[in-house]
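J.: Spelled out from the first residue to the last, the chains are:
Protein chains: 2
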Amino acid sequence: MRPTDLAEIRRLSLFRDMSQQCYEQLTRGVYVQHFPESLTMIRQGEPADFLHILLDGQVELFASWGDRETTMSVIKPIGTFILAATIRDAPCLMSARTLERSRIMLLPSANLRQAFRDDRGFAHAIVDELAGCYRAVVRHAKGMKLRNSRERIASYLMRQAQLAGDVRSYQLPVEKRLLASYLGMTAENLSRALRGLEEDGLKVDGTRVIITDPIKLMKIAKLDMLMDGPDPSPTTEAASLPKATA
Amino acid sequence: MRPTDLAEIRRLSLFRDMSQQCYEQLTRGVYVQHFPESLTMIRQGEPADFLHILLDGQVELFASWGDRETTMSVIKPIGTFILAATIRDAPCLMSARTLERSRIMLLPSANLRQAFRDDRGFAHAIVDELAGCYRAVVRHAKGMKLRNSRERIASYLMRQAQLAGDVRSYQLPVEKRLLASYLGMTAENLSRALRGLEEDGLKVDGTRVIITDPIKLMKIAKLDMLMDGPDPSPTTEAASLPKATA
DNA sequence: CGAACCCTTGACAGAAATCAACTAAGGTGG
DNA sequence: CCACCTTAGTTGATTTCTGTCAAGGGTTCG
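Protein chains in written order, with the working numbering: chain A, 530 to 775; chain B, 530 to 775.
Rather than coming from a laboratory, the hints here were simulated on the basis of the structure. No experiment lies behind these values; they were computed from the predicted model shown. Treat the hints with caution; some may be incorrect.
As the list makes no split between identical chains, a pair holds if one copy fits it or if it spans any two.
Unchecked claim - Taking lysine-lysine pairs in the DSBU-like style, the calculated list, with each CA pair at most 35 Å apart, reads:
#1 K732 x K748
#2 K732 x K705
#3 K732 x K605
#4 K705 x K748
#5 K705 x K605
#6 K751 x K705
#7 K751 x K605
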């Protein structure tokens with residue numbers, strides 16, 4: 530591992546509060562690796578040998594059953610994945626693949642568990658991160674069960690506008706087929722629903738989203754702090770700080 | 530708190546590995562309380578002042594949005610709830626109400642956080658429990674996104690039969706309306722779907738479930754370890770041990 | 001006995017998936 | 001540079017699934 534990587538990682542909220550000794554122990558056997566686009570690096574059902582920390586790029590977590598597949602989450606830097614499986618030493622419930630070329634830190638599960646025992650600061654950072662992941666899935670499940678597809682789309686797009694700094698227009702951060710899967714619908718349905726939302730203050734042209742009438746759109750989206758955030762995970766918190774410039 | 534309660538709690542996997550000193554500190558300010566049936570003790574959006582540990586009875590976790598409501602989980606002894614909110618000191622994402630008269634232990638969040646810092650065994654038990662909760666929600670979300678209602682019903686009923694010891698017949702553990710909500714459909718739809726499954730090896734008479742043709746039914750259920758368990762949470766582990774008599 | 005409440009059933013409307021065809025954009029190789 | 005191929009996205013027609021509304025049967029409980 531390059532020394533510059535080590536210095537960078539040390540600053541992550543996960544490791545910030547560790548004693549130097551534990552940190553050195555932890556990062557023994559850690560390495561940072563580049564993955565090309567569209568590479569499935571974790572397959573559901575496999576053991577979780579490493580905690581993955583995304584430093585650069587984008588990773589999709591997805592789940593399959595038979596020949597069906599659905600996107601569960603999209604990880605952006607700095608974000609972790611398969612933390613729970615690592616802690617439990619249990620098989621991964623989700624698969625992971627890169628959406629673009631990505632730089633990922635691999636932290637052996639044994640090291641993680643050791644550091645969890647040895648360092649209180651780290652233990653706290655881990656449990657905080659995991660609690661954040663838990664709450665994110667609960668939100669996702671709530672959205673799936675309480676909103677119909679139209680409402681899920683509207684709330685997703687409104688929320689993205691909020692996160693971008695309450696803008697009226699922005700670029701979709703992911704492909705539409707992926708978004709459709711994440712929102713639990715087919716690509717065809719997303720396409721049609723977007724068209725249908727033009728009468729409710731939304732315009733989508735290619736990857737460009739334009740909220741023409743926020744009030745009207747909000748009547749459908751009905752954003753809810755308990756379903757649409759905030760409550761960032763500690764690692765993503767740092768990444769989304771730029772928005773605080775307003 | 531009664532001394533017998535204290536002794537009982539000490540044996541829970543959450544507290545088993547704690548030092549006596551930390552345990553005494555932790556349980557200072559803890560109390561055990563009885564709640565009548567159908568009492569909503571936690572409302573989503575409220576702060577999480579206590580970790581709840583269900584000792585006896587049954588508790589429903591549910592979520593609402595506008596005038597809609599859905600069952601997210603049913604807790605049985607011994608089980609914890611609102612752990613993540615407690616750890617993060619964040620508002621609860623779900624509400625909780627008793628399904629029957631219940632005995633619940635209330636552990637002040639401040640005590641929990643203190644004990645997490647002071648006792649490694651406890652810290653590990655907490656993170657293990659939380660990881661289990663996370664994996665349970667991931668499973669729930671996968672089920673909602675990857676299976677249709679017919680398949681969700683079949684897999685739920687098959688899984689219950691498995692848990693009861695691979696029996697062919699058993700009693701539904703919850704009301705049908707609740708089950709419908711948990712499985713993400715209306716009560717009417719559940720009723721119709723159950724009827725429809727009679728041609729696939731299932732018979733339901735009142736609260737009695739009879740699997741007349743396990744092989745046929747399994748072709749619909751397609752139980753999957755990554756969606757239907759196992760992977761019990763550490764606290765529920767003790768509760769489901771009886772099944773290990775085989 | 002009446003009043004809830006749970007469950008079921010039927011008829012219908014609306015939502016969403018599927019199948020098929022078509023466009024547009026991007027990349028490849030000649 | 002262009003012909004070709006792949007892929008994302010769109011659109012329409014159709015079927016399937018699911019929710020809604022309304023009514024009725026059965027239970028429990030005061």
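J.: Look at each hint and say if it fits the structure.
T.: Structure-based check of each hint:
no.: 1; hint: K732 x K748; in the structure: within (16 Å within a copy, 44 Å between copies)
no.: 2; hint: K732 x K705; in the structure: within (14 Å within a copy, 42 Å between copies)
no.: 3; hint: K732 x K605; in the structure: within (26 Å within a copy, 47 Å between copies)
no.: 4; hint: K705 x K748; in the structure: both (23 Å within a copy, 33 Å between copies)
no.: 5; hint: K705 x K605; in the structure: within (17 Å within a copy, 40 Å between copies)
no.: 6; hint: K751 x K705; in the structure: both (22 Å within a copy, 30 Å between copies)
no.: 7; hint: K751 x K605; in the structure: both (25 Å within a copy, 33 Å between copies)
In this structure, none of the earlier numbered hints is contradicted; all agree with it.
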